[in-house]
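If you're matching them up, the sequences are chains A and B in order.
Okay, so the first sequence: first residue is 49 according to the working numbering, each after it adds one.
Okay, so the second sequence: first residue is 15 according to the working numbering, each after it adds one.
Just so you know, these hints were derived from the structure itself, not from any lab.
If you're wondering where the values come from, they're calculated on a predicted model, not measured in any experiment.
Note that beta-carbon positions come from the ideal geometry of N, C-alpha and C, so glycine has one too.
A portion of the hints provided could be inaccurate.
[Stated by the list, open to error] Chain A side only, calculated, beta carbon under 8 Å to chain B, not exhaustive: (1) Ala-391; (2) Arg-664; (3) Ala-670; (4) Leu-765; (5) Arg-766; (6) Leu-779; (7) Ser-789.
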Amino acid sequence: MSTHTVTGGSARAAVAAFLDAAASRMRRLTVLGGLTAGVGVAAAIVLGFYLASLLVRGQHALGPRSAALVAVATAIIGGAVAWIRTRDARAGAARQVERRAPQCRNLLVTADELQRTNAMATSPATSPATSPATSPATTNSSTTAATGNATAPGIAGLVMRQAAAIVATLDLAALFPANRALRNAGLSLVALLATVLLPTGVEQARTVATRVAATAARPRDGIRQVSVVIVPPAYSGRAEVRSTDPARIDALVNSRVRLSVQSTGARVRISSADGELAVRAGENGTHQTTLEVNSDGFVVIETFDATGTPTARRLIGVSANADIAPRVRILAPARDLVLRDGAQTIKLGVEADDDMALASLRLRYTKVSGSGERFTFDEGEVPLRVTRRSGRAWEARADWSLASLGLVPGDMVVYRAVATDRRPGGAPSESEAFIAQLFAAEGDAAAGFAVDPDEERQALSQQMVILKSERLLAKQRTMTPEAFLDEARNLAVEQRRVRAEFVFMMGGELAEAVTAENSMGDLDESREAEAEGDLSDGRMANQGRAALLAAIRAMSRAATALTEGDVARALPQERTAVTQLEKAFARSRYLLRALTEREALDLTRRGSGALTDAARAVRPVATADRAARTVALRAALDELLLVGRAMATGSAATPAAALPARLSMAAEQVLRTDPSAPALQAIAEGLNATSRAITDGRTGEARASLDRASSRLAAALRDETIGRAPVQQSLGGRRMDGALSDQLRAAGAMTPVAPRPRTP
Amino acid sequence: MSRVQAVLPTVLRTGAVLIAIAAVIDPSFMREQRVRPEVALVVTDASVPASMVSDVQDALKKDFVTIATNANGASGGAAATVLVGSSLPQDIRALAAPVFSVSPSRTRAGVRIAAVRHPSSLSLDAGAQIEVDVELDSVSVSPAPGDSIVVMLRDGPVLLDRVAAAVATAAASGTRGRHRTLGLSFTPVRAGFVPLQVQAMRGGAGADESRAARADLAVVVRDARSRVLFHDPRPSWMSTFVRRELERDPRVAVTSRVVTAPGISADAGRPPVELARLGPDSPFEVVVLGAPDALTANETTGLESFLRERGGSVVLLLDQPLSGAGERLTRSVGWTSRVEREDVALSAVPGSNAGSRADTAMLRVTEWTAPRSLPATATALLRRATPADRGTNVSAGSGDADPIVWRMPVGAGTLVVSGAMDAWRFRDSTQSSFGAFWRNTVAALAESAVPAVSVTARPAVVRPGEAVAVEVSVRDRWSVSDSSATLVLRGTLQRPATGSAKDVAQGSASDSVMGSGGARELLTSTPLRLWPGAVPGIASGTLRAPHAPGRYVVTVAAAGTGLDETRTATEFVVADSAVAPAPSDEASLQLWARTHRGVALRQAALPDLPGAMLAATGPSEPILPWHPMRSSLWIVPFAGLLAAEWWIRRRRGLA
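Looking at chain B on its own, in the form it has when it is part of the complex (with noise of 0.2 Å):
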């Protein structure tokens, strides 16, 4: 045996203690080191494909340690932020500097859904226009011949409506090419919340429905007739022709007094007993007043009162130029009355809703009354048609010639006056549309009515965690002129379904349990705050979505000075699907990230990301401390020598 082989074990079993020495000791020396700086990775909008957040993490990872957040996540503690989509989030102060953003070159879809508008609230007996702002993909100005934008409307799975419309070439649209706005039809089956869907894509071959943009939206149906008050205070052939027709709507309910001679009158319901007392608390949401060159100066205070306050609307209907205490009601300067030698029709005023084509004749008549100015917010309804009526262009001054129907607001409320006086003469529709004129314009007129008390939750469709802002609205007296009354809102979420109090938004959530048909369910309620806000009788507030998927119930009750309590509620829908509209702002992304020392790329720029960044971040290898024991590596040696040395022992008979 060597004097090698003699010292090996020795110095073998020294060198595993070393390291064990070593590894107590744990020595630190102070270094250069290179890291992988935290960046926030933030995605903008739900468009935004996971594949495409996928590619910027792979892409960041080698030199960036991303750390995920959705739109509204701050990102303070990070090195940079990198935005993901085409638009702002909504708390960019939160956003931590240097700012980088990533747009989408092509959304799958080919088009995103920027805006959807549509009335929040309709009749079971009305149909609703949602109109749905389009976006082209900027690839996608230019489009090919034939190329189109289809948008449709899903009550869940169920198609209800489809429009197709032609992609404009950018020629002929102009810088505005990439917008479109396309409207779609709903049309109620059933009363109560309905979420609905709108989707939108590039038509054409290839077109693929599971790529569709999508956004969601809710509407709240109505089964509830409005209420309409038509009073004559003497017989009139207008008023009485409007009224059959009201009385053949399944929208209203028609409460009438004609008063056929003093003290004597024909009575449909129960009228007030006088006009003068109408005010706030009218339980009419409409009222329509025949012969109103009869009314007194007391019945035209009561209307104006019914009108300021409680936010109701009034329609005269005149069958002979006004005078009187009813021109109060209008204040117009100077009518104009004339006697045709035939018949004119009138028309919708472009704009106006009070038709959906100008050249149709809404109204026939051969005597009719306007006033020679119009108050400055007024707004005409109907018109003499024209000559240019008949094409297609009407230009948009001409509106204002021979207003004979016109609107304008009073207070909360709309008055609506007609000089059409002999038009119930041409009610036949083959000559004019007159039925259907009335019967619109007054149930439009009560479908925009103030309510006592209304709620609204916007959006109506959220995913969990999502902010949702609820605005009360409460119409009274004192809210507008009493400044003494006092006012209390109160406003709760709650589930109206079996669950636990865990599905619940977090909060001070109390218990309540109610009986309903005979079963019991578990009702979770959670206060609502709502501020006061700068108009009398609104305030509001905003509640986090929970986060267990369903339809939930916002319920607010009012009470105050000479003001019975009063409940409503509006409801919202938790979905871990649900889309909003987003509209494109890449302009201002890229200003924002251009002003926070970073740079706006596209997503075929990605592999230029990261040397972007790491410009903008500066050095990333401080002088740090290293603690070379502290790697696991040591294992490795130290088992090693061990082992070898019990080896070489055993081989000698030692062990």
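Excised from the complex, chain A in its bound form (with noise of 0.2 Å):
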């Protein structure tokens, strides 16, 4: 302990500050004590509004905001309470001291009370300090004395030095810790947070728990996981694709899926679309069963327990993504060809592409020589150079010299190019064919080779042949003849394929009658006589037949004058094919037409007979049945709204068990309509998904899933409906119509049609 030299003045100022800083000490650890009393009353009244809310019906628990607003209210009540107890803490803070201080023996009090008595003159005490160990007696003493008699200046100079020497060696930190009240108050404050936040806790701990309940007791009987191993065929090269409770399998064609069920019901049934599938029971609850995808389709995985009874059910929708056959094309010339000579060379360009991978990529070629009913063929394959962009595209050129063909005028090559892919037993695809064909002066090329699928050469229109004569004939004086030959002769090819459409977009029926004209000239005069008691007949009347039969020979009279070259005399002959097509076609009913003699009724497949025994015959009232996609969906929907009606109210008929399995089933029954269609893909992925959130207490998001799942049933069931119900007019209304129809009528009201536009 230090030794202080102080005068009787300053050792007043001393205590007296000491005092002071320990009374507003005390003040401020008094008042943060109140706050934290009310803040724990807050608590306290928070914690039983909860309370009161579990055993009370309709009580409720205090939220934040009101939690918060009791605790302001309460700490402020405390503090205001311990802020009124501390107004005489001055007073009392040299007891306080005394107390904490021991050392102190009295000697605070004493100044104290010797300071605000007053009692003290202003003694000029130099003396040196009193001992510390005079006797507390004494001491008290000598205060009384000086209390009740203000004549002893020099004890009191002595108190006041040695009580100033006394707390310039205590430390208020020490004797008035904070530490405690600080804790306490942050202990109120957690005890708040933790009773205002109670309520939520609770009900997340529920939500938890029974989400663990329930996830728990799923696997207790039910599924636990469906891992799933897609195999796909080994010639596609694809790697093993691994997942675990898909939602969906998507595979390719001849695809092997491995499915592992594991579940610890006492039996696994896995079912697809085809039935029922032989299941492996493995070690640890594990089921495993493997199956061939080769169309769209679902499995099923349900358990059983040791009694039989179902206890879970998951479906899984199959997609079979089919393995696309290769496409090739031939890119030059891309055309038809009317060669000069056999032994002209044609620069071949192909391509070809697979979605997975190429096998080849071919180019064959069929010759055709000979005429009339002696025609050879000659197949063969052109060499190509191939370049392979990658597996799945290929390009391939070559240099096709036709001399060692041996073609003569007349003889015509057939080409197309043919790819594979690595698929077994995957058919090959083949090009567009494209015919090259060495000029004769006097033939033509057989029907038969024109007819062609390609959109490009269907619209190519007999009025598109006469605009291309017109403007080779305009052009024709800037051209070489050579050029003009050519571009004849590309024409002549053009229209014996417009010819070729017509004769075989009646199905050949006119073949006979078109082929008659071998000479490409006018017609063969034994068959039109032929048909000539059909048109004296009346079967002919409406011209259809007959008119269709100018329009082809007028077209084969324009391929021969093309072929010589010959557009200005072709040019007419087109024109004439137009006329008589528009009669065959927009005039007259051919599809109505009488029947030539080839086409003749034979009687004995008809109802003949004599009039007198004809009778009225009678069958029975005709009612379609509802389509069975109808049908289905419509008890889907059906399902879904009992299943609806049971979330919402609940109903004994429907034990909210018993939820999940009917909407897999409901699933099921949708995906079997019809597995390929993506709509109702997804309705079955959104029941299975309402199913899940059933299992797992997810309410909200079944709720949700279920909406989702319903609309779309029903827009996928509207799509399939076949009308709309019209408004209903009343009884009424309806003969106020009619009455002022009649009315109207008789007064002769019209409304006069507005004028025709001038058709196009």
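Each of the two chains sits in its own frame; use the hints to bring them together as a complex.
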């Protein structure tokens, strides 16, 4: 302990300052204690409300905002009460210090009293500090004397000096520690926070507990996990795909799917759209099966307990993705050719691609030679220079010299590209076939080779042939004779194609009549004569067939003229063909035409007989059945309505535990309707998601998912419905309309029809 | 003891006795007193939230005594009426003046369902369009970008259809910007009475389905096939192919007769012996005629009777220009017939319900015939497609150009005439909607045919105690033409479930016990009073919905001269939560309030309501008798005096 030499005035000031500081610290701590108590009371109130909400129906727990208001109020009250209690803190400060520091031996109390009674005179006491060993009894008696009689300034000065010396050694923070008060304040805040968050926490804990319980309960008798391994066919070169608990299996056709189901159920049944699958039971509740994917469908996994009662059900959709056939095109010359000599070289360009990998690309040709009924066909292959841009896209080129084929005038070569992919047993894809024909002055291409399904070709019309002929004539002066002849012969090819379209469009019915005109000249008189009977009988009165025949023959003449390079002679024939076609198709009902002799009726196959034997034929009333798809979708939506009501209100007939299985079965019903329909696949997945959400106790999510699935199902059903119900009119309204109509008609009121627009 | 102390007990006792005597005498004085007048509080529509009603009551409780009534309640004895809502109540004449109104500043959903239009019945194999008129709150006329209205159709809790539409800005939509009509689709899954609910709300962030505006409705789904008769006086391709399409339609049962030679025909089912005998009793709803040019005069008469008295529909499928007796049915003056070089498309006339899109080729023809002028009440269904059809704007006036398929009312029936003579040639679905058009047209005609007896109950979903309007229509020959015939209608209200008589509407209920599948159910029926209307064969009545929620059946039996008793029934649902569409009629509401010495206020101006009502109801301090001794507070001094007297005596040792 250090020794201080202080004057009486400074000692008094030091003691007073110390006691002021002590009083101030006491006040702060007391107020902090009051606030702490207030917060604690608030926590108790919040807790009380929560407990009451548990016990009393209709009583609500306090929310965070209300709890905060309560805490602020109680804290203010507590703080105010504490503040009031510290009004005389300064007076009691000396005693509090003495209580916490016994070494003061009442010196501080005495000094404080001396100061407050102002008994001590301004004594210039400079005596040395009194020994701390002064007895308390002596001090007390001195204090009493000083208090009662202010005539002992020396004693007072001594007391002050000794008190000042002692307070100099005291630490207020040690005397009045704040740690405890702060800790209490923190605890009370934590308690308040805990009580405020308690309801939310309990609710969440319940939810978690429910989920945990549901999750824990689910595997007990249900499906714990479904592992899927998709093994694509070997030729595809694709790797295996593994997944766990998939909503859908997407596999290439001919893939093998290994399913592994982990379940603690006594029995597991796995079935597909084709029936039940063989299941192998393994260790740890694992059940395995293998499925070959050939078409869209589904897999249903069901588990059963020891009594055979179904415990869980899961539906997984299966999409079988087909291996698309290769596409192959001839890029050059990509049109039919008329050759001037048989030693010409054709530059060929071919391209092919496939969704996986190409296996081969070839160019095959068929040489057709001969005439009349003696045609010979020789097949061969043209070597190609193949460039593989990737495994899926190839290009090929070739300079094909026709000299080796030994073509003579009139012969032709039909060629096409052929590509295959690696699919075992897959049919090769062929490109469009083109013709190269060696020109013969009197020859004509066989009609049958020109028919082609290509859209561009079908777009070619007789009007277009006329247009091209007119353009060729217009630019004849600017062309060399050879070029003009080439163009004319190409046009002849197109004219023959158009002609062939009409021949074959009628299913070849006119082929005989058409091919009879071998010379490309006029009509075959004998055939015409044979049909004369039909004409005289009026069976060709509508002239449809005759007009069509005339059109085709006009086309033949035009083609002949074009082959000879006489475009001017061909043009009238082309126009004649158009006129005849218009007669055949626009005015006359060709489909109702009378039959020619070659289509003569077989009377033995007709219900002919005596008129007197004719009787009324009666058959039952025709009633159509509803489409199976409509019925199935309707039943599925009806099931959803039942499930939705059971979810909303509960139903004894539909217990909540049965809802997931019912939804799964509804999903299966939807998927069975059309496993390949994307809309139905989405509905089935939505129903499965609803089923899982119900199982997991996610009620809100289950309702939202059911809403999506039901509205989609209703939309799918809407697409199946036939019509829309009209808005009914009352009997009175209908009669009024009828009466008004009668009156207006009687008065001659009519609504004139607007002028017709001109037909373009 | 002082003298005062001595007399104090006597004074105290005397005071108590005086109080008792004054109480017995009960003196009365006349003075001005302030009283709280009674006012009627009428909630005009179901969309008003309870909190708003509570706010109004709180605002008035200081100065008035509020008596809440429903929209049908009279307020005759009240000092004033306060209407809470956006529309006028049903019986406005019973409202006590002055009338004040408080309209909500904004509904909870931000929108209001003003009206719902839908067919009351439909076939199980058809769909229905439900049109919902939605009205935005006035504060929502200037929406934010991306703001939308969402309407939903639910069968119980299950969502069937959901449509969202952007809210047009006020600038774009003009004064009608607050009103939108959205279409919902309903596809039935089972036959019977199907209650549905339409919900509407503002979409976007913060949309809360639980706050959506609601409206209940119900439709009757029928699983009965309509009967259609095809009759060809001579074989006709057109009729043949239309018949084949109808034979694939599960909504109809097709009976047919094709006359192939005099006295020889190919029949399906049992067609009538001759068309001339078609009349009001015909079982067929629709008659489709092929080759109508071959009709005889007698057959035309029979068809006209079928149209006018049976209320059926006749479809004439022309395959050559109409002439002879058949032309009498159409009574059109002059026809235009034409053969096209190429086939032309026929498109639906907008608004004719013949098709959804005007630019879709319903039919294709190369030969057609059409009247030069249509009868005044006729409507074109299909016309030649014009270049304008390929755009989206088709003027309404162009709808009558070349009406190749058209319809017109004849009596209570409908006549449809098709001049698409060779449309059968283009019946492939890639070329036209030949099959769909004729199936839908004939099925719709069959659906709209008038039944022998029909009954409707509106609204079909009501709250307990609300009024239900019942209308009965009877189609028969004597209801139209035979004035001497009698018609007896008996209507009853039943609850088709086990229950007690207390649950059923009050009235002269008669109980009956009826077996059903071996079980005995207590059915309680209430006679229904029906009144003949202005139109022959139509009667109507009104009943109050029973207080017990549930499904109720209105059964009507009709019998009369030459008419066997025919029964028919309809249903309605009583539910506590039933909500009807509530169109906002604030303009009428405000007008009514202002013309009845009141004011119309918004909810936000609620604090102004008591002052306005006090000003309108006049001085509320009448001179009334005052009975001062009738206050129960007198018991305090009375008991106090006696207690003090007893205490003093006890202290003195006297007690």
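The hints, checked one at a time:
no.: 1; hint: Ala-391; result: 48 Å, violated
no.: 2; hint: Arg-664; result: 5 Å, holds
no.: 3; hint: Ala-670; result: 4 Å, holds
no.: 4; hint: Leu-765; result: 5 Å, holds
no.: 5; hint: Arg-766; result: 5 Å, holds
no.: 6; hint: Leu-779; result: 4 Å, holds
no.: 7; hint: Ser-789; result: 4 Å, holds
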